[in-house]
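**Q** What follows is the residue order along each chain.
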Amino acid sequence: DVKVTQSSRYLVKRTGEKVFLECVQDMDHENMFWYRQDPGLGLRLIYFSYDVKMKEKGDIPEGYSVSREKKERFSLILESASTNQTSMYLCASSFEGQGNRGSRSYTFGSGTRLTVV
Amino acid sequence: DAKTTQPTSMDCAEGRAANLPCNHSTISGNEYVYWYRQIHSQGPQYIIHGLKNNETNEMASLIITEDRKSSTLILPHATLRDTAVYYCIVRAYSSASKIIFGSGTRLSIRP
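Read top to bottom, the protein sequences are chains R and C.
The numbering of the first sequence is our numbering, which starts it at 1 and goes up by one.
The numbering of the second sequence is our numbering, which starts it at 1001 and goes up by one.
Derived by calculation from the structure, the hints in this document are not laboratory data.
Heads up, the beta-carbon is just placed ideally off N, CA and C, and yes, glycines get one too.
Wrong hints could be hidden among the right ones.
[Claimed, not checked] The calculated lysine-lysine pairs, modelled on BS3-like cross-linking and capped at a C-alpha distance of 30 Å, are:
hint	chain 1	residue 1	chain 2	residue 2
1	R	Lys18	R	Lys71
2	C	Lys1003	R	Lys57
3	R	Lys13	R	Lys71
4	C	Lys1069	R	Lys3
5	R	Lys70	R	Lys13
6	C	Lys1003	R	Lys55
[What the hints assert, rightly or not] To be clear about the criterion: a stretch of chain R counts as covered by chain C if any three or more of its residues have a C-beta under 8 Å from a C-beta of chain C, and this derived list gives those stretches:
hint	stretch
7	14–27
8	107–117
Isolated chain C (complex conformation) (with noise of 0.2 Å):
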């Protein structure tokens, strides 16, 4: 599976729409990006995931670039309950392979 780069932190006022990057420059055809996300002293939850069309559910959107090396997760409306590390990994939808975690970005939301 390929390798991601996310920031180590970053943080986002109350209300306003955090954008969380990746890079995934290695990422070959048959890989999907996915996100989860772990608040504290909780397993991590999945959060949304594509292949290269923009996707929308409940919790998130997420952007991949044309060329998708790079993806952006967008959390619309941030709230204190986003505080979370947030993880992007890349695999092949059809593999039965298991998610290596990286070092994931952590999101502070600040009121």
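This is chain R alone, in the form it adopts within the complex (with noise of 0.2 Å):
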């Protein structure tokens, strides 16, 4: 079963804190993306890639940044976590190449629920 998976199910940290969150796809998908999802504010996007060492910023990337060293591999790194980065994380990829290899859907990891503390 094709699968996106994410390191931590549930994460604390301190403010402060350098965090990693480390995504890792299997189906091998070109496109990558970091979404996060707060109560009554839906799912928004965090950053994207496109290819290795590709980074496109989405909505709402002030506080985050991100790495794609191979292709399978998407991290999102809050470089000074701060309480109102607590959310649930969630990295999604896609396949967007030539062809029609699938339906280009999104495919979702289970999250990462991120407290600040």
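Dock chain to chain to rebuild the complex, using the hints, since each chain is given by itself in its own frame.
**A** Structure below.
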């Protein structure tokens, strides 16, 4: 079964810590995405990547950075965690190459619930 | 990508068909309609997508009106496990752009 795997289900970090959220996909997808989800605000896109070493800002990139050194791995970095970054973080991937391989739908991970105290 | 409008919430009796509507009156010719759902505490899950013809898979059916300005997702025999938030999204198939999630419809299945 194809998967997007997020390294942690629950995470508690202190204010000011540098936090790494890891995401790995085994579908050879070109595109990868990081969203956060908050009550009343829905899913909001933080960053996305079309290819290795490429990244694009989403709607709310402030306070975050990303790294994509390998095609299968997309890391979200909180340089200095703050309490307003307490949220559910969701990683997704999709195929966007040539041809008609699949529906180009997104496959999501199970999410990482991050609490910053 | 075009915006969509969905009811905030709906309910349906277990075993009956759940029909979830979506309006996308500004959809353009190269945009597909996608449906996802999110069960509590899980990531969103792809359900189905279509361009202009009706589509059916093992999870659901998608009915798109002839003018493509609205669509309906049909869960033919709803179960308690179908309780979730359902998102209707339109985006160009060939676009590498991101998905924008709206508020979705919270579907409750009653026993």
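**Q** Next step is simple, just say for each hint if it's right about the structure.
**A** Against the structure, the hints:
1. Lys18/R with Lys71/R: With Cα atoms ~23 Å apart, Lys18/R and Lys71/R stay inside 30 Å; holds.
2. Lys1003/C with Lys57/R: holds (21 Å)
3. Lys13/R with Lys71/R: Given pair Lys13/R, Lys71/R holds - Cα atoms ~28 Å apart, limit 30 Å.
4. Lys1069/C with Lys3/R: Measuring from Cα to Cα gives roughly 33 Å; hence the hint is violated.
5. Lys70/R with Lys13/R: holds (26 Å)
6. Lys1003/C with Lys55/R: holds (25 Å)
7. 14–27: violated (count 0)
8. 107–117: Answer holds; 5 residues pass the 8 Å Cβ test.
When each numbered hint is compared with the structure, violations occur for hints 4 and 7.
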